[in-house]
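Visitor: Next come the chains, spelled out residue by residue.
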Amino acid sequence: MSEENLVVLDGVSKFYGDVTAVDDVSISIKQGEFLVLLGPSGSGKTTILSMMGGFTIPSAGRVLISGEDVTEVPPAARPTVTVFQDYALFPHMNVRENVSFGLLMRKVPKQKRIKLADESLEKVGLKGFADRGIHQLSGGQRQRVALARAIAVEPAVLLLDEPLGALDLKIRQQMQEELVQLKKNLHATFVHVTHDQEEAMSIADNIVLINHGKIEDYGPPERIYLRPATLFSAKFMGETNIIDAKIVARENQQFTLRTQFGQFQLPDDGKPGSTRYVALRPEQIKLGTEQDSDAVFGLGQAKVVEVIFHGTHKLCHLRCGENMETKLLLRLSPDHSVANGEILHLHARKSDAVILAV
Amino acid sequence: MNDSWLKKSPFYGYIGLALAFIYLPVIVLVIFSFQDGVLPVPPFNGPSLQWYEKMFENERLVDSLFNSVAVAVLSSLLTTIIGFLAAYGMAKRRIRFAGGIRFLLMAPLTVSYLIIGIGLLITLNIFGVSKSLFAVGIGHAVINLPLCFAIIYSQFGDHMSNIDAAARDLGASDFQTMTRVIAPIMKPAIFAAFCLSATLSWDEFIIALLLSRFEVTLPVIIFEMLRAGLTPEVNAAGTVVFAISFTAVTIAAAVMFLGMRKDNE
Chain V
1 MSEENLVVLD GVSKFYGDVT AVDDVSISIK QGEFLVLLGP SGSGKTTILS
51 MMGGFTIPSA GRVLISGEDV TEVPPAARPT VTVFQDYALF PHMNVRENVS
101 FGLLMRKVPK QKRIKLADES LEKVGLKGFA DRGIHQLSGG QRQRVALARA
151 IAVEPAVLLL DEPLGALDLK IRQQMQEELV QLKKNLHATF VHVTHDQEEA
201 MSIADNIVLI NHGKIEDYGP PERIYLRPAT LFSAKFMGET NIIDAKIVAR
251 ENQQFTLRTQ FGQFQLPDDG KPGSTRYVAL RPEQIKLGTE QDSDAVFGLG
301 QAKVVEVIFH GTHKLCHLRC GENMETKLLL RLSPDHSVAN GEILHLHARK
351 SDAVILAV
Chain E
359 MNDSWLKKSP FYGYIGLALA FIYLPVIVLV IFSFQDGVLP VPPFNGPSLQ
409 WYEKMFENER LVDSLFNSVA VAVLSSLLTT IIGFLAAYGM AKRRIRFAGG
459 IRFLLMAPLT VSYLIIGIGL LITLNIFGVS KSLFAVGIGH AVINLPLCFA
509 IIYSQFGDHM SNIDAAARDL GASDFQTMTR VIAPIMKPAI FAAFCLSATL
559 SWDEFIIALL LSRFEVTLPV IIFEMLRAGL TPEVNAAGTV VFAISFTAVT
609 IAAAVMFLGM RKDNE
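Which chain is which? The protein sequence lines are V and E, in order.
Note that this note's numbering has the first sequence beginning at 1, numbered continuously upward.
Note that this note's numbering has the second sequence beginning at 359, numbered continuously upward.
Quick caveat, the hints were computed from the structure, so don't treat them as lab data.
All C-beta atoms, glycine included, are put in the ideal place defined by N, C-alpha and C.
Just so you know, not all the hints are guaranteed correct.
Partial list, computed: chain V residues near chain E (C-beta under 7 Å) [to be verified]:
| id | residue |
| --- | --- |
| 1 | 88 |
| 2 | 97 |
| 3 | 101 |
Bound-form chain V, shown alone (with noise of 0.2 Å):
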């Protein structure tokens, strides 16, 4: 375990009953890292970021920050402060007041907790917001008033729990660059769950994704996005094609794989016999006739059912192999003109394909 690791947890788990929520969970957060807890809902990882806040004590495993173990210290005590879904404001305070109750606690007098709370509040883009009530704000300013009655504490972890759930998708967008940038100014390191995997992949330094309560993945976004450790991963990260495959030879560290498609060479590890997958984005899948080479392998004719257009790019729905039932997704540029019932040459690059167990 390397020093610079702020947060670490140690084989976490956590039993309800007979329920896992978390099974054996291991991750090292870095001193400025912005980690996110992906998953679909259900997964365990907002339990996960309730260990590392203290909100929740693990049934096994152990939590350090800066080394020392916080399994069982309170949420008070640690240098963590969360930022809940629902904002959890005190409806009762204004903005200030809001912002000042951690500064309260920890006994700051009046004056320095006013301007403390005055600069938290600017750093969220709510300067001359303090004398409000909550009740005036809308949604993304609420969002942002939690967020500075967090930071106003300045904590070590600042530990988001799908704090922009709730937010319209343009907010939502514009609050994603925002919580980078006050990352970045902070210095401090951000823990954030969420659903969506593109809010994951455009704010995260690496993302851990979570399915079952267990990791399937676990890497910086380019990683996850472009070499999935599993099908989970390929799938859960955005469109993807995922071909049914069999190992069916293996000459030195050459392994032949068999698909609808033909059959071609690609680097494995596995049994003649086993079974495997091979997931290709839609944006990998490449117009035109190439020859099987070291490099590319060709998907042979694929007929076009539907087109969507979606601004940046063109999804069509293909139908391919022998009798034309297998499905397909491609992505083609805006301007590129395609029309349904067309029938299209594809290939793609030996580089590009994953190869996936299960």
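Guided by the hints, dock chain E onto chain V, whose structure is given.
Guide: For chain E alone, kept in the frame of chain V given last:
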């Protein structure tokens, strides 16, 4: 006259009958408190305030009025505090047997006041507490606790547990979380519970009769006056009881309504 009014007239008629059924006795009581004569029966002669004058000259009655106020306020304070603490505890923590505890807290609602009164009489006797206004206050706290608990508990939503967690996370102690955050937010429910509890205590007769001796509350005095015979003075006393109850309930309802509307904004 248009059609829609005609169609709706049975509906309004029905509501009118229902309201008359509920309020006619009270209205009659109030009207005959202004009777100019010795009997509170038709025909109505008046109006006159002579019975109110007579009532306020009746020292025993005025004393009992203040006794009633004192019992109502003090017993309701006690009930509201215990009810709030119980509701906060039940809402905040996952407790074992939470359902059972809730049931035990609410169950006294179903027991008749007479039974509770007799039980208290025996229990207080064992502990050497003699019949007094103090005993009446304890009795009223016992009967009003379920209601206070229910009203306050109903206003603890899921968002309150996050607010509680947030306050602790920011460094507030248990006591600070309760006094600076939770209680102020719950103020409308707490105040409404207090008003309703005070109203019920103010009106309550059976327990007050069983547990008091020399100093009594207003309903007990009214009962004594009734035994002596019907006079408009009883109506005047009843009108005062009704007016004060009505005001307290109206305030409680308004506070609850406004408090909830603010939350839903």
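Visitor: Could you tell me which of the numbered hints above are not met by this structure, giving the numbers in increasing order?
Guide: 2
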